[in-house]
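Two chains, two frames, a set of hints: combine them into the complex.
These protein sequence lines are chains B and A, in that order.
Take the first sequence: its position 199, counting from 1, is numbered 199 in our numbering, and each next residue is one higher.
Take the second sequence: its position 86, counting from 1, is numbered 1086 in our numbering, and each next residue is one higher.
Heads up, some of the hints might be wrong.
[To be verified] Label pairs and their in silico Cβ distance ranges:
1. A:R1004 <-> B:R205: 22 to 28 Å
2. A:G1066 <-> B:P33: 34 to 40 Å
3. A:P1076 <-> B:K5: 47 to 53 Å
4. B:K181 <-> A:H1074: 47 to 53 Å
5. B:K181 <-> A:C1014: 38 to 44 Å
6. B:K152 <-> A:E1089: 43 to 49 Å
7. A:F1024 <-> B:P145: 46 to 52 Å
8. B:G16 <-> A:P1055: 25 to 31 Å
9. A:C1040 <-> B:A162: 30 to 36 Å
10. B:A195 <-> A:C1040: 29 to 35 Å
11. B:P33 <-> A:M1006: 42 to 48 Å
12. B:P177 <-> A:P1085: 38 to 44 Å
13. B:L176 <-> A:T1062: 35 to 41 Å
14. B:G97 <-> A:C1040: 35 to 41 Å
Honestly, the hints are just simulated from the structure, not real lab data.
Note that CB positions come from ideal geometry on N, CA and C, so glycine has one too.
Here is what each chain is made of, one letter per residue.
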Amino acid sequence: MIASKSDLEIALERVGQFSNPKIRFEQYRLPAPQVAEILWYVGLRHGDIEGRVVADLGCGTGMFTIGAALMGAEMVVGIDLDTEAIMAARGAAGRLGVGGSTHFVEGDAGHPPARADVVIQNPPFGVRVREADRAFLRGALECAPTAYSLHKGGLKVRGFIASYAKELGGRIDEILPLKIKLPPTYQFHKKRFHAVDVDLYRIVRD
Amino acid sequence: MKRRLMDILACPICKSHPLELIVFTEKDEIDEGVLLCGRCGRWYPIIETIPRMLPDDLRDATEDRGFLEKWKPHLPEGVLKGGKPFSLE
Chain B
1 MIASKSDLEI ALERVGQFSN PKIRFEQYRL PAPQVAEILW YVGLRHGDIE GRVVADLGCG
61 TGMFTIGAAL MGAEMVVGID LDTEAIMAAR GAAGRLGVGG STHFVEGDAG HPPARADVVI
121 QNPPFGVRVR EADRAFLRGA LECAPTAYSL HKGGLKVRGF IASYAKELGG RIDEILPLKI
181 KLPPTYQFHK KRFHAVDVDL YRIVRD
Chain A
1001 MKRRLMDILA CPICKSHPLE LIVFTEKDEI DEGVLLCGRC GRWYPIIETI PRMLPDDLRD
1061 ATEDRGFLEK WKPHLPEGVL KGGKPFSLE
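Pulled out of the complex, with its shape left as it was, chain A reads as follows (with noise of 0.2 Å):
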């Protein structure tokens, strides 16, 4: 993902802009990452490159916890605790 993206990425669910964005690894583009919305507390991985922002009934609970484990340290505890859908709590 380019940071150009942010101008107008806005969450699918509550359609709140702008999103804040947390870079976990970067090259030539963001490469992992997590984009959260300020409004309704979801939160979309950026894997792959590829910002992943599916409505709540086509997310993978399984898949969305594993990610939210690899990258616990770099995620503010508010995710962690209480984001939506999808949380370690």
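Only chain B is shown next, with the shape it has when bound in the complex (with noise of 0.2 Å):
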């Protein structure tokens, strides 16, 4: 098992990047820094990667899959409608040597296929895709009892996920603010970089 967040991130720097992103997804791959810092504060903050049963709804290329499982947790269940980006994942997953740990599912994060005792997730930002946040945040806490959900950074976003939660039948328990420097995945991103206000959300059912 991983035993510092400087190890976690090398680690994480192995999993690959989208080979063929697409848009409609929203797809990019988190930088490991962020991914490694997410998933101490997760694991050991909140101690609920350990021994858990974790979903990663929307897991793309697997970082927050393959984290969780190199982090100790009993099992992994990565949940995507890409099965080219599963794939992927899975192959990452072997080579990091957490391929007993690790299940990948193909399917719809508002729909979710599995039960488990934490959701770990990064939904599309809602940009292009309206209404996903709802999906994604509908579908956390139908599939666990302890959510994590990364979004944009600002205080619409939070009053929006405040109330939604509460529609739900959840609240917002924590909220951790990061800076998160993307590279330009797509061809319309024009800047080299973009640092971009995110806050990883911790939600709970009431």
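Encoded structure:
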């Protein structure tokens, strides 16, 4: 098992990029340092990884799935609509030695095909797919009593998530603000890197 | 798909758990098979080791019927005749 945050970061750097990113899914690979920071927070601050069943909705390249397995989750299931991404994630999990505790399912975040203790997810930010945030949040609380969900920063989003979580019978327990440097995955991204303010929400069912 | 996954899989539509598993081919993992929901009658194919558990509107009727044809002798009659969302009837 991984012993330090920097070891986790180094391991996650070996997870592949999307070979063929699909704009409708807003696919991009989260940078390894922020994924490591998030998983360290989830696992060490809240004790929500080791020995737990974890689900990663919209797992993409499998950064959260593989990272949670490296941190000692009992089992992790990565769920995504994109089978090509799932196959790549499965390959990466094997290369990183966590093929045994990771599982992959073709599925929709809004209709999760599994039950878990904890969800960790990075939904599309909703720029191109309206309502995606809602579907992911609904799916997350249906899948598990505790969910970590990464969203665009800002008070407007916070207000929306607070009221939607309540509608779903849950509440925001904690918010971890982060800055993420994104490389230009898509051609319409003009800047070399752009920094985005994001918030990681810990949402619990009441 | 590894058998342990059955511990946590649930029907994405009616939420029923556990599901029934029929294995067609198996190497290190289950390569081809089908998952059946006893409550709502939906079936979900396992293709190239990956369970395909999409909601009805994201499924492809032609591909799904092709899967049923391919594994016809191994599938229960209930799925072939009245399986949801697609059957061979």
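Structure-inconsistent hints, enumerated in ascending order:
Hint check: 2, 7, 10, 11 and 13 fail, others pass.
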